[in-house]
Amino acid sequence: MVKEFAVSFHWRKFKERYMFIGSRCGHCGEHFYPKREICPKCRRTGKMEHVQFSGLGKVYSYTIIRVPPEGFKTYVPYVIAVVEIDEGTKVISQVVDCRPEDVRIGMDVQLCFRKIRSERDSGLILYGFKFKPLK
Amino acid sequence: MTEEAKLNRDVAVIGVGQTKFGEHWSQSMREMAVEAGIKAVEDAGISGHDIQMVVGGNMSGGLFTGQEHSSAMLADYLGLNPIPAIRTEAACSSGALAMRVGILAIASGMYDFVAVGGVEKMTDIYGPQATTALSGAMDYETEAYFGATFPGIYALIAQRHMYQYKTTREQLAMVAVKNHDNGFLNPVAQYQKRITVGEVLSSPLVADPLRLLDCSPITDGAATVILAPADVARKYTDAPVYVKATAQASDTLSLFSRRDITTLDATVEAARRAYKQAGLAPKDINLAEVHDCFTIAEICAYEDLGFAKKGEGGKLIQSGQTMLGGKIPINTSGGLKSKGHPVGATGIAQIIEIVKQLRGDAGKRQVNGANTGMTHNVGGSGATAVVHILSRDR
Numbered sequence: 001m002v003k004e005f006a007v008s009f010h011w012r013k014f015k016e017r018y019m020f021i022g023s024r025c026g027h028c029g030e031h032f033y034p035k036r037e038i039c040p041k042c043r044r045t046g047k048m049e050h051v052q053f054s055g056l057g058k059v060y061s062y063t064i065i066r067v068p069p070e071g072f073k074t075y076v077p078y079v080i081a082v083v084e085i086d087e088g089t090k091v092i093s094q095v096v097d098c099r100p101e102d103v104r105i106g107m108d109v110q111l112c113f114r115k116i117r118s119e120r121d122s123g124l125i126l127y128g129f130k131f132k133p134l135k
Numbered sequence: 136m137t138e139e140a141k142l143n144r145d146v147a148v149i150g151v152g153q154t155k156f157g158e159h160w161s162q163s164m165r166e167m168a169v170e171a172g173i174k175a176v177e178d179a180g181i182s183g184h185d186i187q188m189v190v191g192g193n194m195s196g197g198l199f200t201g202q203e204h205s206s207a208m209l210a211d212y213l214g215l216n217p218i219p220a221i222r223t224e225a226a227c228s229s230g231a232l233a234m235r236v237g238i239l240a241i242a243s244g245m246y247d248f249v250a251v252g253g254v255e256k257m258t259d260i261y262g263p264q265a266t267t268a269l270s271g272a273m274d275y276e277t278e279a280y281f282g283a284t285f286p287g288i289y290a291l292i293a294q295r296h297m298y299q300y301k302t303t304r305e306q307l308a309m310v311a312v313k314n315h316d317n318g319f320l321n322p323v324a325q326y327q328k329r330i331t332v333g334e335v336l337s338s339p340l341v342a343d344p345l346r347l348l349d350c351s352p353i354t355d356g357a358a359t360v361i362l363a364p365a366d367v368a369r370k371y372t373d374a375p376v377y378v379k380a381t382a383q384a385s386d387t388l389s390l391f392s393r394r395d396i397t398t399l400d401a402t403v404e405a406a407r408r409a410y411k412q413a414g415l416a417p418k419d420i421n422l423a424e425v426h427d428c429f430t431i432a433e434i435c436a437y438e439d440l441g442f443a444k445k446g447e448g449g450k451l452i453q454s455g456q457t458m459l460g461g462k463i464p465i466n467t468s469g470g471l472k473s474k475g476h477p478v479g480a481t482g483i484a485q486i487i488e489i490v491k492q493l494r495g496d497a498g499k500r501q502v503n504g505a506n507t508g509m510t511h512n513v514g515g516s517g518a519t520a521v522v523h524i525l526s527r528d529r
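Those sequence lines, one after another, are chains E and G. According to this note's numbering, the residues represented by the first sequence are 1 to 135, in order. According to this note's numbering, the residues represented by the second sequence are 136 to 529, in order.
Please keep in mind that the hints were generated in silico from the structure rather than gathered at the bench. Any given hint might turn out to be false.
Said to hold, decoys possible - Restraint-style ranges between C-beta atoms, simulated for each label pair:
1) 127/E / 495/G: 24 to 34 Å
2) 506/G / 127/E: 39 to 49 Å
3) 201/G / 27/E: 38 to 48 Å
4) 51/E / 298/G: 23 to 33 Å
What the hints assert, rightly or not - With a straight-line cut-off of 30 Å between C-alpha atoms, the simulated DSSO-like cross-links for lysine-lysine are:
5) 445/G / 41/E
6) 301/G / 132/E
7) 58/E / 328/G
We put the CB at the ideal spot given by N, CA and C, even for glycine.
Chain E extracted, bound-state conformation (with noise of 0.2 Å):
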């Protein structure tokens, strides 16, 4: 039922997607993720500017998705967490490259680059960033 997206729906997000890339506020120094333009704390005195994360953090909760949503049949089951960054922020993505029970809260992870899926009919491949266990 949701229809395939433009390429241009994706291909802005590149950078946030492929490279990590977010927000700090060079007035409070909170960082965010995804990208904002104001900081909700500093509001019009906050300075936002463009960092790139480190990739690195802890598992704070996670799922097993075992009923997926279109376009992630194949990935199933596939861990979903909330990563606590060492920059401070949270993120939601996969984590990958273990055994899905094998994943706890507090458990260490870095960033990897995967695929996420791919469009059905275009055939367009979605990238973006995935955790691993940190070796």
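Using the hints, position chain G against chain E.
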């Protein structure tokens, strides 16, 4: 932040009507909306000519049925043209938002009689498509993109709640069991069937630790209430139910950006505003309909609405105090879990259950001496929360 003022004019509910909740192969979105509308108008004892505006909550008519512009559809098929019609959308809290807009319209003095409703037709598409449609309630670009599902988002809340507060898997299951016990007594519920803790714990995993029987179902349904100025309410009904508070708050669209993923700060804030508007405290609430889209959501609601201390929601369900006959019965209708969850209609159906309870019309589910009740409707994983307090006392 400036605090909002009180309503300029008191508002009452003078009529309610809803379809049975369930899988309605024979009825379309508009047909369900019309059925609920007619029942509410008849219950209020007014005519369609009296209604000056219609507000309808609808999350995603477009994705579920292809039909957007459901506001115009409502006015047209309810035979109410040319009065103004507004669609409200805040994901699963679209219904409560319609209620709120209707109340504000009357309090402003511009309108006297407003029909507020909610409708969702969810079974005209297949399961995976419905899962995708519901994904739009969270942050599509940063949560759904990576494969998170809506049950998955609440599973992340559950996992963390269990880790941080030692909430148990059994306590989550008890929420589903209680709500099915209540839904068993509700003739409009989708599942009028009791379940056991063992059945919940052996149902298929959807997103660990949540299982199928932790999740509210995919449901078709519509619900409508008629609002009027409190001053004239007694002309239309012997048992008007007065709006003591209408409150709403917002939080981050994504779950992961929250201060604490086990607390819905929007619920905490909406409840704080509602208690303040009504001049009441949690102990003054006799019963509540809370947003139990997943079992963990009811546990969080206990805490965020002030019925339990933070982290003690699990203990509250275990104590039995939220069952019928307990100190604070929660989800006497069966809740979203057992009554069903047609997303856009849910917020209005919650209002209807409280109105029936306060009128003394709740049959076998009746809470003795119910005088003041609360509704709590959540959009997405907590980006929107809407709280209403209703009372027999003006």
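Notebook entry, point to check: residue 127/E and residue 495/G, beta-carbon distance inside 24 to 34 Å?
Noted result: Between residue 127/E and residue 495/G, where Cβ atoms are some 60 Å apart, the hint is violated.
Notebook entry, point to check: When you check the alpha-carbon spacing of residue 301/G and residue 132/E, does it fall within 30 Å?
Noted result: holds (27 Å)
Margin query: So if I understand the rule, the pair passes when the alpha-carbon distance is 30 Å or less; does residue 58/E with residue 328/G pass?
Written below: Roughly 42 Å separates the two Cα atoms, so the pair is violated.
Checklist line | C-beta pair residue 51/E, residue 298/G: status relative to the range 23 to 33 Å that was hinted | finding: About 29 Å separates the Cβ atoms of residue 51/E and residue 298/G, which means 23 to 33 Å holds.
Next item on the list: State, for the Cβ atoms of residue 201/G and residue 27/E, whether the hinted interval 38 to 48 Å holds or is violated.
Entry: 46 Å Cβ-Cβ, so the 38 to 48 Å window holds.
Checklist line | residue 506/G versus residue 127/E beta-carbon gap, inside 39 to 49 Å or not | finding: With a Cβ separation near 58 Å, residue 506/G and residue 127/E fall outside 39 to 49 Å, so the hint is violated.
Check: Is residue 445/G close enough to residue 41/E, meaning Cα to Cα at most 30 Å?
Finding: Holds, at roughly 25 Å.
Checked against the numbered hints given earlier, the structure breaks hints 1, 2 and 7 and satisfies all the rest.
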